[in-house]
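Novice: Going by the numbering used here, the first residue of the sequence shown is number 1, and it counts up by one from there.
Among the clues, some could well be false.
When the alpha-carbon atoms are kept at most 35 Å apart in a straight line, the in silico DSBU-like pairs for lysine-lysine are as follows [as the list claims (entries may be wrong)]:
1) LYS358 / LYS325
2) LYS175 / LYS382
3) LYS382 / LYS325
4) LYS419 / LYS382
5) LYS304 / LYS325
6) LYS156 / LYS358
7) LYS156 / LYS325
8) LYS382 / LYS304
9) LYS419 / LYS358
10) LYS175 / LYS304
11) LYS452 / LYS419
12) LYS419 / LYS175
13) LYS382 / LYS358
Hints are computed from structural coordinates only; laboratory data are not their basis.
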Amino acid sequence: MSDRLKSEQPIIGVGTLNLSARAIELVNDVLSRNRLSYGPMTESFERQFAAIHGCRFASMTNSGTSALHVALGALKEIHGWEDGDEVIVPAVTFVATPNVVLHNRMTPVLVDVEREFYGIDPNLIESAITERTRAIIPVHVFGQACDMDPVLELAKRHDLKVIEDSCECMFARYKGRSVGSLGDIGCFSTYVAHLLTTGVGGLATTNVAEYAVRIRSLMNHGRDSIYTSIDDDNEKSGDELRMIVERRFSFASVGHSFRATEMEAALGVAQLEDFEDMLVRRRANASRLGRDLAEFDDHLQLPKARPECDHSYMMFPIVLRDRPKAEFLNYLEEHGVETRDMLPLVNQPIYTSLLGTKPGQFPVADWIGASGFYIGCHQDLKQTDLDYVYGLFRAFWRQYQPKSADRSTLVLATHNSEKALAEVVDQLPIGHFDGVVALDSGSTDGTVEILKGHSIPIVETDDVLGTVTERQEHENLVVFPVDGRNDVRDIIRLLLPLERGADMTVASRFLQEGARHDQNRRFRYRSTGNRVFTLVANLAFFGNSTDALTQFRGYRRSFLREVAPSQTGIGAAYEVAIRAMQGNRRVEEIPTVENVPAETRDRWKALWSGIPLSRVLLREWRRKD
C-alpha cells in the first residue's frame, strides 16, 4: 500500500469522543469558579439525567462499576441481607457485574442468555432461584433492553430486588419506559466509548427515596447524607443549620470514595443537550449497516431491536453463524475496523475458577464467546465509513457467496500512465470483480510489463465508453482513470450501488465531503468550469447532478448501450450524464477527493475542453426539442 493510502485508511472505532464547544465552555466555567467537588453542575446533570430516564433520583459516581457497587450495597444494608446470599447475573456481561457482587460479599449465580437478543433468558431464571437468592441484575447489553416484564414478574413473585445494569444502554426504552426506571435501581456508565462520555463517570437512578439516600451515603465514605455539599447551607433555618453542623462529619456506613467531579458533570450536561440527535444518527448508522450486511445473513447474525423497544445502539454486535471469528476479526483489524469481544463470563479465567463453570453449561454464552464480536456504529461515522465497512465485509464473504447474476468488470483507463499505475496496481480491489481490463492508447513497455505482471489484459483504444459498451459482456462496469488523481478505495463504493440497481454511479468531487486539491493538498480548486457546465445541464434537463464531467464512474452496460455515447473522453462523460437526466435514470453519487497536478498543460486542456462540452450541450438541447 502506498504511503498516502496507508495514512488515509480510515480507523472505524467502536466509540467516539468529539467534544463540542459547549462542553469546553462548561468545563472552563467550572474551572473559573474554582470548585471541583460536588456542586451545581453535578446537581444539574443528575436532575436532567433522572428526568430523561423517568426517575425521581440520580446520583453521579466515578464509574458505572461504582454505581453498581453502591446500589447492591445499599440494598444489602437496608434489607439486611447476609454475606453469601445470592444474586443472579447473566452469563454474558462485562466482569464488573459479578465483581460488585463479590465485593459486597455475596455470591453471583450465572444464568444463560437469549440467543437472539443476548439479554438474560427469563425462562432460565426461576430454576436458578434458591432460598438464598436476594436480587437479579439483568444487564441491558449493546444498547438493547432485556425482556423485563417476565424478570419483574419473577422478582415480585419471589420477593427479589432488581438492579438494572444499564451501563451499555443509556436512553433506550422498553415498551415505552426508560431503562433504569423499571427495576428498583438502575446503573449507568459514562466511561470512554459509551453513549455519553465524561471520561470517567456513572450514575445510579431510582424512584425510592430511601435507596437514593443510602446510595449517596455509600459513595461518599458512608457519610450521613443529611450533608451533601456546602450548598446545603443556602436558605436553611437556624435549627436546620445546627443539625447539619452536628451531623456533617457523622459516618453511618463503611462507604467508599466513589464521587465524580464538576468537570465530568459539565461534560455530561453538554452532551445531554443534543443526545436525541446522537441517538438518531446512531440508529441511522445501525440501520444502514443492517441493510448492507443482510446480504451475508447466511454467515452473520445481525442485531435487531426487541419488539416494542427502542435500541440505543451503543455498539453493533455480530455473531458468526458458521465459523470461528479469529480470521475475520484479524482481517477487520488489519484494515482499520476496531472490534471487541462480547465478553461472556464463561471464558474468563477468574470465573471459571471461582464459580466452577464447565464447557456446555451455558451453551449460548459459549457460542457468543466463540463467534461473537461487535463493531462501532456511533454518531461520528460518515457514509463513506459505512461504505468502507461494507466493502470489507463484502471482500471477505464474497468468496463464500454464490456468483451474482449480474457480473462485474473493473475497467482501467490507463492512457500510458506508467507511474500512476505502478502506485495503485497492487491496491486494486480485483477480488470484488469477475474481470478486469486495461484500456490504453500507445502503451509504453513499462505499462505493458506492469499489466502483464498482474495478468490484466490490454485493449488499445482511446474510446473508453464505446469500447466497454461493445466489447464487455458483464453488466456492471466501473471505469477507473489511472492518472494519479483518483482514490482507488472509491472503486468499491461505485460498484455497490450498481449491484443494487443503480444505472450509473458517480465519484463526485463537489458533494459535501468531496474536493479537488493540488497534489500536496495545500489549496482547493474552485473548478468553476466543471460547476458551470454541471449547473447548466441541471437547469436545462431538470437534473440534480453535482459533477457531470468526472470520468471516474460506474455504469450498467445495458444503460450505456441504450445511451450509445457518440463522444470520447470528457465529452462522452458529459453526454452520458445529460442522457441520464433526460431519461430520469437512477444515478447515485459518492463524494471523492481528486488530487490535481499543477501543470500548465492541464489548465490549457481544461480551457479547450469547453468547446466540445458546449457542442454536446447544444446538441442535447436540440435533441430534447
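Novice: Broken hints, numbered, in rising order?
Specialist: Going through the list in order, the structure violates hints 7, 9, 12 and 13 and respects the others.
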